[in-house]
Amino acid sequence: MKKFMNSVDTVLTESLDGFIAAHADILVLGDEHKFVRRRALRPGKVALISGGGSGHEPLHGGFVGHGMLDAACPGQVFTSPTPDQMLAAAVAVDTGAGCLFIVKNYEGDVMNFEMAAEMSEGVQQIVTNDDVAVENSSYTTGRRGVAGTLVVEKIVGAAAEHGLALAPLKALGERVNTATRSMGVALTSCTVPAAGKPTFDIGDSEMEFGVGIHGEPGRRRDTLKSADAIAEEICAAILGDLGDRAKGPALLFVNGFGGTPLMELYLMYNSARRIFEKHGVTVTRSLVGSYVTSLDMAGCSITLTMLDAETTAFWDAPVHTAALRWGM
Amino acid sequence: MKKFMNSVDTVLTESLDGFIAAHADILVLGDEHKFVRRRALRPGKVALISGGGSGHEPLHGGFVGHGMLDAACPGQVFTSPTPDQMLAAAVAVDTGAGCLFIVKNYEGDVMNFEMAAEMSEGVQQIVTNDDVAVENSSYTTGRRGVAGTLVVEKIVGAAAEHGLALAPLKALGERVNTATRSMGVALTSCTVPAAGKPTFDIGDSEMEFGVGIHGEPGRRRDTLKSADAIAEEICAAILGDLGDRAKGPALLFVNGFGGTPLMELYLMYNSARRIFEKHGVTVTRSLVGSYVTSLDMAGCSITLTMLDAETTAFWDAPVHTAALRWGM
Amino acid sequence: MTTIDSARLASMFGAIADAMSADRDRLCALDGVIGDADHGIAMDLGFSAARDAVAALDTGSTDPTTLLNAAAKSFLNAVGASSGPLYATAFMRGAAAVKGKATLDDADAVAMFQAMARGIQDRGKAEPGEKTMMDAWAPAAQAAGEALASGKGLAGSLEAAAHAAKAGAEATKAMIASKGRASRLGERSLGHMDPGAASAVTVIEAMRDALTV
Amino acid sequence: MTTIDSARLASMFGAIADAMSADRDRLCALDGVIGDADHGIAMDLGFSAARDAVAALDTGSTDPTTLLNAAAKSFLNAVGASSGPLYATAFMRGAAAVKGKATLDDADAVAMFQAMARGIQDRGKAEPGEKTMMDAWAPAAQAAGEALASGKGLAGSLEAAAHAAKAGAEATKAMIASKGRASRLGERSLGHMDPGAASAVTVIEAMRDALTV
Ligand SMILES: Nc1ncnc2c1ncn2[C@@H]1O[C@H](COP(=O)(O)OP(=O)(O)O)[C@@H](O)[C@H]1O
Ligand SMILES: Nc1ncnc2c1ncn2[C@@H]1O[C@H](COP(=O)(O)OP(=O)(O)O)[C@@H](O)[C@H]1O
Ligand SMILES: [Mg+2]
Ligand SMILES: [Mg+2]
Ligand SMILES: [Mg+2]
Ligand SMILES: [Mg+2]
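Protein sequence lines correspond, in order, to chains A, B, C and D. Using full-length UniProt numbering, read the first sequence as starting at 1 and increasing by one per residue. Using full-length UniProt numbering, read the second sequence as starting at 1 and increasing by one per residue. Using full-length UniProt numbering, read the third sequence as starting at 1 and increasing by one per residue. Using full-length UniProt numbering, read the fourth sequence as starting at 1 and increasing by one per residue.
Looking at chain A on its own, in the form it has when it is part of the complex:
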């Protein structure tokens, strides 16, 4: 394992310390590294809290700040944060208008957030499940929440800043989630620091098609194809799943998994955009970069969110976080 670290046990806390020190103008760290929160809260605004296993940086801590999250709870690498983290975060950022938890659909995360929600009042949650790699129908656990979570956090974050109440925010988040589809492909495995070795073995000319953001197996192992062929299959899965909805304005988000450089991501964006536009999608908003990562895994995912006037406006609204910033 080749990583910049001092010891496996302190990877997370040292990284969080650096993160907070680098962004001390906007962020504060909770006691015992339980959460990261905005420095300046807005009384009367619904508090948005997300969280999940670490190793997906900048998700979620990098999305805390004006126009997006109020707090994020970092779990151990690829492990859900615990309810005490979520409760401490809720206490720290709830200014009276209630809390909305944004949770990626993994049973550990969902159950931990659910317990936190049961233990506090005025808490609602949205569960994101945008990954079309794994079929919903066959397995009751349902789809995984992946890169599309960023889109939900941005749009709901802007809406919360705009003053929406808890119930309409939850409805909006669910609407965005429903309008969002993603799928990923890995060229290499990630290596969890505590494991010290790659999560999975993969041949020199293989790819894992439909991989999850923890290096979970996808649809199948295949030989590495051209960018166009990969984009073609991912886009077909997304379009097929969206069905009739896949018409009109959309956000195209090409996301790197941590080990893939921008040059390749823009190339994939180019392939994907052409395919989507051929099918009647109009790409009106774009995001390209490594935002929802899997440690050092090489690979990428493609996310499409169908937009309307309201969600477009919320996407464009000012945001000031460590990882996404515009309009201010």
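Check before you lean on any hint, since a few could be wrong.
[To be verified] Pair ranges (Cβ atoms, derived):
(1) B:G44 <-> A:A236: 44 to 52 Å
(2) D:A96 <-> B:T223: 54 to 62 Å
(3) A:P43 <-> B:G196: 40 to 48 Å
Derived from the structure by calculation, the hints contain no laboratory data. These numbers were taken from a predicted model, which means no experiment stands behind them. Beta carbons are placed, not taken as given, at the ideal position from N, Cα and C, and that holds for glycine.
Following the hints, put chains B, C and D with the ligands in place on chain A, whose structure we already have.
Showing chains B, C and D with the ligands alone in chain A's frame:
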């Protein structure tokens, strides 16, 4: 070689097409992919142009836009752009106040920019050479220009936007370059698409200390050390080279080489910041991310720029580019 | 007829914790096949935390309900895996089932045990046959109840539970997961024992030993 | 006494281009040892572009200066490596040295050749001994001048140049680079021939063959 691509020959142009499509609100592509330029020019402002081999994305194209560059010329991977690209860019963005080329110190780049400068009027250049890994004294070619180039581009870009004329801009750029030191370390090699295989071999527990951003050899090959030990040696090299200047306010920039995730970069930032602050440097500004990359190389560099009130204000000034954005 | 007081419950958590650290690597290995290889770590962490939390209590002045709730909370906050909320809910329901009692008789202990299984089911919403820890806990709870009803006492009841749990865990090998991480594997989960079912056997055996000596 | 017209110069570029594509892999391999492995690609690209550019001219109505400048420009814009500005400057200086002439006699041709070497030196500011293409070009230019002065004619002069270039390139093996990419290697550059010096030999030999048949 595992990369998202269609063919070695079209990696660059396809990636540029995607880049421009994703940022069409602010960028325009020159004919024959010769350059990337701002969509909206400001008449009377000195035009800032940079460029260099591709494979360092987001440098330089990602820094074109309000408050930073006016144009960037992408060469083939790790190869200087040619004078015709630079001249075409100059013609496209010079609004009458002259052009300033910002060039990283590689002979190919320097000589190509020099030829372009000789062929046009009112052109000045700044050569960045912030890399302390390779000693200046022993070799007449001098130090390499690496991640500190971003800092020069940001500060000079803001000053140009502010209305500074060509000569003071050049002086400012040289001042910032002189106040800037960098050094990097690689954990893996990069792979140039046209070569199809890693640029260098490196053992499972080795690192290349002082590596260049093209995977050039550094000071030495060593066994992989702890993050603190690596930071200690890099910071010592930077501090030693800065000498008495290493006191007071500074920008600390921890840069990933493309294959290293944010979690590790923030951890390195944490180590480096502690070391610098112990030595009397006050970190007043920070940047952490993969901004000056070497394709898919795993590794990072640490850059320190000593700041004063003027350069701090220019660092803070609004910028709106594909890769750096704040204040607007 | 055994009488279980808070001190005995505290020592039960010590026993489970010991069993978990011994079993840790096997559970991680099982989870590595169809999950994310952390189940042993989670169970070890969780029960160590629960042991420490109840060891810090004055068992003389703490009733079983309070003790079980303390165990639940510490387990929950030590573990970020699925097993955290599942076992935390188990102990919270166990706590509720013995509310108001200073000590537990055989029927109370079996009621607590059955409430734990229901807690896991309520939280995880898994039915038997979905290849989860429920495939150990559900038959164990049922066997304990039947054994008690047929007059076997606590020792016999927990022995029956352990036996049923073991058979249930074994049966998960032939199941395709439809809950938990392994459910994304589809048929690829066939042939492997579910790690949560495997650890359930260890928990139940440790409870049997600790409550019936 | 040979007389060199623009058509002959155009065919010279064709000959160099052919030699470069034949030498491409060896030059890349040499550059791979102490540089960035692209020197063969750069030289191949550059001379192919120069060949194509001059082939597109009507040599009947194009004087040598114009032809050489066209070659310089196309070489420059085809190559992003150090060799681009170095050879482009070489041909621009060569062009200037024969300004106003419709055809070149032996002295003109040697003057052009020496101007090329000076162009490389002006652009790259390398002295002989710094392990660059100057270690081939400088002795070659000097040898050509001396041979011409001693009455050897163009063929003999270019033969002497090629001979000196070869010896100069060979000598780079014993040098530590202090210009170019290899200069960052310090002592590690010892023992390897400089790729730019190696390609200079190929260029000069091709010029000799093309200008003196
Ligand atoms: N919904 C559920 N109901 C019951 N048990 C479950 C459920 N989901 C997962 N499990 C159990 O949890 C076990 C995995 O636990 P663990 O590895 O600690 O959690 P994680 O999957 O979050 O890493 C599975 O083997 C399974 O027995
Ligand atoms: N300053 C210089 N003067 C003369 N020749 C130089 C100089 N710098 C580099 N060279 C020559 O250029 C050669 C490398 O050329 P090439 O590989 O095409 O360029 P790059 O180093 O930009 O990749 C070196 O082997 C050396 O002979
Ligand atoms: Mg697990
Ligand atoms: Mg887990
Ligand atoms: Mg080279
Ligand atoms: Mg080169």
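Hints and how they fare:
1. B:G44 <-> A:A236: 44 to 52 Å: Because 50 Å falls inside the window, the suggested range holds.
2. D:A96 <-> B:T223: 54 to 62 Å: holds, 55 Å
3. A:P43 <-> B:G196: 40 to 48 Å: For P43 of chain A and G196 of chain B the Cβ distance comes to about 58 Å; the hint is violated.
Hint check: a violation occurs at hint 3 only; the rest are consistent with the structure.
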